[in-house]
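Asks: Note that the protein sequences, when read in sequence, are chains V and S. Quick note on numbering: this note's numbering labels position 245 of the first sequence as 245, and the sequence is numbered without any gaps. Quick note on numbering: this note's numbering labels position 375 of the second sequence as 375, and the sequence is numbered without any gaps.
There could be a bad hint or two in this list.
[Claimed, not checked] What follows is a set of in silico ranges between Cβ atoms, one per label pair, in the way DEER data are often shown:
#1 V:Gly-290 x S:Glu-77: 43 to 49 Å
#2 V:Gly-483 x S:Leu-36: 58 to 64 Å
#3 V:Glu-389 x S:Tyr-85: 56 to 62 Å
#4 V:Ser-306 x S:Gly-243: 49 to 55 Å
Hints were generated in silico from the structure; no laboratory data involved. Cβ coordinates follow ideal geometry from the N, Cα and C atoms, glycine included.
So you can see what is in the structure, the chains are spelled out below.
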Amino acid sequence: MEFGIQTIKELLSGYQKKQFKPSEVIGAYLTNISERDEKINSFLQVRIEESLGRAKRLDEKMCEAETLPLFGIPIAIKDNFLVSGWQATAGSKILSGYVSPYTATSVERLEAMGAIVIGKVNCDEFAMGSSNENSAFGNVRNPWDLERVPGGSSGGSAAAVAAGFASVSLGTDTGGSIRQPASLCGLVGLKPSYGRVSRYGVISYASSLDQVGPFSRTVWDSARVLEVMAGFDDRDATSSKRSVPKYTEELKNISEKKFTLGVSRKWLEGVDPDVAKSFEAGLEMFKKAGGKIIEIDLPHARYALSTYYLLATSEASSNLARYDGVHYGYRTQSATTSEELYSRSRGEGFGREVKLRIMLGTYALSAGYYDAFYLKANQVRKKIQEDFEKAFTQCDFVVAPTSPSTAFKLGEKTDDPLKMYLSDIFTLPVNLAGLPGLSIPCGLDSKNLPIGFQLIGKPFGESVLFEAAQQFEALRGEFPLPGFLEGACRR
Amino acid sequence: MSTIEKYESVIGLEIHAQLLTVSKMFCRCPNRFGSLPNTQICPICTAQPGALPVINKKAVELGVRAAIALNCQTHLESIFARKNYYYPDLPKGYQITQYEQPFCTKGEVFVRFKNGDEKRIGITRIHFEEDAGKSNHESYGTLVNLNRSGVPLIEIVSEPDMRTAHEAGQYLRTIRGILRYADICDGNMEEGNFRCDANISVRLKGTEKFGTRVELKNINSFRFVEKAIEYEVQRQVLAVEDGEKIIQQTRSWNSAKNITEVMREKENAHDYRYFPEPDLPSLVISVEWLDKIRAEMPELPKQAAERFKKSFELSDYDAAVLTSSKEMAQYFEKVVAESKNGKSSANWVMNELLGRLNAVGKEIESSPVTAGQLSELIVKIDSGQISGKIAKTVFEEMFATGKDASSIITEKGFVQISDPAALENAIRKVIESHPSQTAEYRAGKIKLLGFFVGQVMKETQGQANPALLNELVKKLLDQ
């Protein structure tokens with residue numbers, strides 16, 4: 001394997017020095033996928049001819065490698081993004097065969113800056129899940145251990161980059177769906193502030209929580225993807241008009257800033273011992289750089305799980321109403337009345353977890369229950385936001401492990417939704433508060449599985465997150481590669 | 001006192017008015033009626049995955065204009081909500097509307113009646129929402145047309161202040177007039193851009209407690225409004241008199257059978273699961289914007305009526321009738337502008353033209369006599385070219401044929417005789433043939449003057465210039 005683990009920075013540098021051409025790089029990545037994705041099952045569709053065609057056109061314009069920030073970068077996108085003319089399933093049978101009539105803003109912006117979307121990757125159905133086991137198109141396996149899950153819901157996005165099938169990828173994060181799989185697959189995963197990246201063309205799960213973000217091997221790559229796709233979009237009324245900093249410019253040098261990190265020990269109780277150990281080592285690293293660790297209080301964080309599962313499911317119950325068998329997507333064969341058309345198309349088209357969440361959300365919004373559930377959950381959401389606001393008066397960012405455990409075995413938690421939901425306890429509050437969160441690999445557990453360290457920033461404080469994460473990255477040194485790539489590629 | 005007179009009805013209306021915007025409420029598709037099915041659609045109004053709504057600023061402006069016109073309180077911050085239900089012409093599975101915090105509350109409108117009375121009707125609230133598509137039920141299945149999906153609407157909810165079907169009808173016409181005046185809505189019930197549901201209950205006169213209310217839908221023409229409400233009131237009174245309990249339900253007007261029919265009972269009412277629309281931030285209207293909209297308000301019917309009263313010395317009632325619709329006011333203003341005779345223009349429009357239009361069931365917009373033609377007729381009277389009496393005959397002909405006054409006058413030889421010599425000849429003839437009356441007149445029975453004038457008119461087929469004729473008859477009889 002000649003190519004597979006190169007970062008954006010490395011590829012750009014190679015293009016600029018004319019060491020290789022986009023068609024060679026894209027061709028190599030496509031070969032990796034065709035030869036090796038059988039074991040991972042990360043791609044739902046690979047656009048061979050289109051991406052090679054685009055690469056060849058870039059071959060003719062090599063000088064643009066100097067100006068286009070993503071010139072010839074192979075990128076995979078989660079199958080809940082729309083790309084005109086391509087299928088979009090969101091991991092669901094109910095959208096099987098659905099062809100997108102338009103392209104998501106985030107994808108459009110990446111492509112305009114030279115990125116080459118090579119295909120779309122597997123995910124939990126409608127981004128609901130923490131293990132990628134809820135996809136209608138099969139499980140995705142973790143390149144670190146093929147018996148284990150890659151995390152979810154953006155499991156395919158994480159596995160594809162970890163396995164060397166794409167340089168970077170896009171995912172969506174509603175309650176941890178980027179950061180948790182990044183943690184489980186040994187990658188950098190960023191969930192930007194709510195409103196930082198346009199959601200237009202991204203299949204909604206929970207509108208007030210969904211955000212688009214990148215998976216990458218390095219902090220710099222993450223910053224590069226974000227700076228290209230972030231910024232106001234007049235097609236998404238919830239996107240922010242704040243200007244987008246040149247994040248990579250800010251990362252030219254490794255920061256020597258002495259950061260103050262906030263930790264809530266009470267919140268971290270019950271974490272897997274290996275994860276706890278690695279997290280402490282991470283804190284030590286910041287201390288070594290002159291940083292300070294302070295104790296903060298997030299008294300409402302313990303309600304995040306129930307709050308999240310009321311709000312996200314309420315919104316989802318409405319967002320997913322459009323998949324009704326009438327206008328597009330899966331339609332039952334057996335309906336004789338319109339009532340049956342709805343109930344059977346949805347009954348046959350949706351998977352278990354999606355149905356569970358639609359029912360939960362429908363219930364939470366129902367007359368007589370709305371005040372006790374939806375409204376109350378919104379009040380708690382505000383409390384959680386206030387907890388963070390208060391914490392940020394004392395520290396630069398809040399830190400926690402990304403996930404309480406490392407990658408678990410396939411099937412290990414599928415029988416117990418609550419156990420599965422607990423995978424996200426450290427990521428959920430960040431979405432509820434609309435904050436940016438970044439997961440960076442900080443170590444390996446005793447089973448040689450990656451552990452993620454999460455940095456949580458102030459609203460629109462991505463710059464500081466990148467700065468601190470890059471400092472951490474430098475102190476940590478190169479992160480090991482998964483077993484799947486051992487001997488398969490040269491560094 | 002008859003049975004029905006023992007009761008009074010309590011009526012409130014919910015009016016849906018499509019806004020006259022270029023594009024839809026949440027996308028950039030054209031807002032136009034009558035195009036080929038499913039040609040004015042996009043990912044947003046067809047609810048494609050990942051599509052998001054964006055608020056149309058012009059729609060907000062028109063809504064605020066309505067709020068100002070209906071003397072409402074405009075809220076600087078309001079929120080959109082989702083109303084969830086399944087229907088094939090609602091592709092998202094929810095309608096974006098406003099629920100708990102509408103942009104506008106607490107207004108009022110004054111409704112004027114023929115006898116000069118005026119009644120205040122309270123407006124509870126106005127809120128924004130999007131229209132659904134249209135389902136056409138055919139024998140072989142249902143066809144869905146999404147051209148209307150996402151068309152901007154305001155819903156105007158009245159207080160239960162109306163007590164008769166006629167009041168409700170007048171209220172509806174008043175609102176329509178205001179919305180059309182201010183270029184907010186076309187007000188065309190038949191095309192569906194102005195729709196109305198009525199909440200109706202009955203109670204014994206003198207009692208305070210409201211009866212159980214029935215929601216009446218599908219009143220899709222001005223012709224049915226009063227009839228439908230009257231029917232429903234009567235139905236409820238008869239039911240109550242029979243000792244039945246009125247059931248809270250939704251009924252529909254069947255215009256073929258002239259009855260109301262049950263659509264659904266309260267137990268089957270939808271739980272719409274309203275919640276704030278998470279894809280849209282709250283709607284913020286700045287004070288500056290509000291002031292700007294206020295400053296740019298077009299003239300409203302009430303203001304136009306005041307202006308007419310002052311400029312043309314019209315009565316309250318005349319002014320109200322002439323400003324009952326924008327088209328009416330425009331028609332009248334055009335007639336006055338060319339005829340330069342306000343009083344006469346008002347009389348002709350109100351008495352002759354409207355009488356005739358009513359008789360054939362036409363609106364002023366489709367009058368066969370144009371404003372220009374009517375003013376020409378008035379000018380001919382004022383210049384003495386034809387008499388008022390002939391003018392009426394000419395007008396009849398104009399209304400029937402659409403021809404100009406001048407061509408009718410020429411065709412029929414309706415020119416007024418203002419030549420003294422010609423008239424004197426005719427008068428002499430009449431005097432000669434009525435010797436006894438002449439003698440009586442000359443003996444002092446002066447009121448016979450009218451008899452002679454009448455005879456000469458008859459002789460000249462009504463074409464004699466009346467003023468001149470009077471003068472000449474007197475002169476010749478007195479000789």
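Asks: With reference to the structure, classify each hint as holding or not holding.
Replies: Verification of the supplied hints:
no.	hint	result
1	V:Gly-290 x S:Glu-77: 43 to 49 Å	holds, 46 Å
2	V:Gly-483 x S:Leu-36: 58 to 64 Å	holds, 60 Å
3	V:Glu-389 x S:Tyr-85: 56 to 62 Å	violated, 38 Å
4	V:Ser-306 x S:Gly-243: 49 to 55 Å	holds, 52 Å
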